[in-house]
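**Q** Residues -20 to -1, 1 to 486 (mature numbering (1 follows the signal peptide of the UniProt record, and there is no 0)) are what the sequence shown spells out, left to right.
Just so you know, nobody snuck in bad clues.
Heads up, simulated DSS-like pairs for lysine-lysine below, C-alpha to C-alpha not over 25 Å straight-line:
{"hint": "1", "residue 1": "Lys167", "residue 2": "Lys212"}
{"hint": "2", "residue 1": "Lys406", "residue 2": "Lys244"}
{"hint": "3", "residue 1": "Lys350", "residue 2": "Lys4"}
{"hint": "4", "residue 1": "Lys395", "residue 2": "Lys343"}
{"hint": "5", "residue 1": "Lys5", "residue 2": "Lys213"}
{"hint": "6", "residue 1": "Lys213", "residue 2": "Lys343"}
{"hint": "7", "residue 1": "Lys212", "residue 2": "Lys244"}
{"hint": "8", "residue 1": "Lys212", "residue 2": "Lys5"}
For the record, the hints were derived by calculation from the structure and aren't laboratory data. These numbers were taken from a predicted model, which means no experiment stands behind them.
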Amino acid sequence: MTRQIYKVASVLLCMQSVLTFEEKKGYFWQVSDFHYDANYSSHGNPLNMCHQGQGQGYSNSQYGNYHCDAPWVLIESAINAMVKFHPYPDFVIWTGDSIPHVKNSDLDSLKVYENIGNVTLRLKQGFPNTTIYPVLGNHDEYPADHYPNGSTNYYSDILYKSHWHTLLENNTADEFKTGGYYQGHTKTGLVMVGLNTNLLFSQDPLTKGTGDPAGQFQWLRRKLSEARSLNKKVILFSHIAPGYFEKYQDLMWFYNDYNNEYIKILQTFNDVIATQVYGHEHTDSFRLVKDSYGEPVDILFLSPAVTPWNSSLAGVGANNPGVRLYEYNQNNGEIINYWQYFLNLSSVISGNPPNWALEYEAKKVYNLTKLQPLEVLALVNSFDNDKFNKLYMKYLQFNSVSQDVMPYCDESCVKQHFCAISELEKSGYQSCLHGEITTHHPRPHHSTPKAPPKDVPKYMEYVIIGLGAVVLLLFIVIALICLKKHRFIPNRYSRFNSNLASNPIN
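Use the sequences and the hints to build the structure in full.
**A** As structure tokens, this is what we get:
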């Protein structure tokens, strides 16, 4: 009887291996916005970025202050936490901004290169045998927010003075020199596309109205077309995401024409782009890309910062330091789940030892079976179902990396978050804010109704029946092959007839 059960199990397992593709799970880290400040002092003035001056006697934690950027101790602590929680990821995505929020007069090009270089070497020390994919942040240029339209020595200097040539392969490094963007490949064949979206930033006076800064749009379309023709999937990552800031009304990150072009590319190649991750905002959020019918087709994951710095934008506030671990499908690049880790800086400031911990697991805390666009849209729609929506309150808490554990958010605030998440273009965002699009059934202003389903022609019914018969026949053939293979297994090597069966199998 046991042998018969084994025979059936063998056939079923064989058929499963032939008829299905196993989901290969992998893991990667995302870390963003270190904003390392070499001038941070535990005796510095919190109202002056914790920089030390004459006659001052302040007392700051060596791990940081919510009014200031990250000291080196916090940088090391964050990287050590990553190594502790998952020391051997498939790769690390580093989404930029290593320079502090200080006046340009306090910096120069050499200080910028040195700052980025120090963080680069420390990341490599933490992950010596792991591929690290870096991209630039808007503060990583000198002066900040002044990326030029075209090739410049800056990119070569980043490669060699900030040690990025040790992270990028030779052909990738040559590509990077064009405009700070490049393409790489994972061991499982996924295409990694690192962009320089700082070129599109509305605070950059050098790229306004230039059409296609540094040729990045044309390059991106070409690379995505190549990936499609080769049946490859793309993980896209950059510093600044398109769309609006969820905590500051009407703040669009890109110039409007660049935002429209970027969204158009995301829509056109949504079948190719498997995953997108960004930083910049210092907050924990996400965005939805919709097609021309208003249906969600992709998710943009926005990871929070390491720096706890209180934003200069009124009402935005500070955040706890955070790092994020993603679980993904190595075959198609899709995100399966993610774990957000954080350091409760308030606890450290109060005198407790630093303790990086799990803040939340995405699928579990949001009650999702999959991190897919339709499920995330349903989650966002649920935020406004009632005044005290528990999921939305959790989202708000996580938005500041639990720095604000009891956030206040009125109806206007709820709509602001919802519209920023669900509407990435100006017209749709404005319509959403002003009530032309309801929060329960959002549709872009340009949506067109889908055509009604057509009747299936009679001949197609025969085609479908024929295909069904072929599949059934194939199923039977595979079963017979598997059964035949099983019969060739000598009994003396069979698991249930061998003395080895009573011993542990490694």
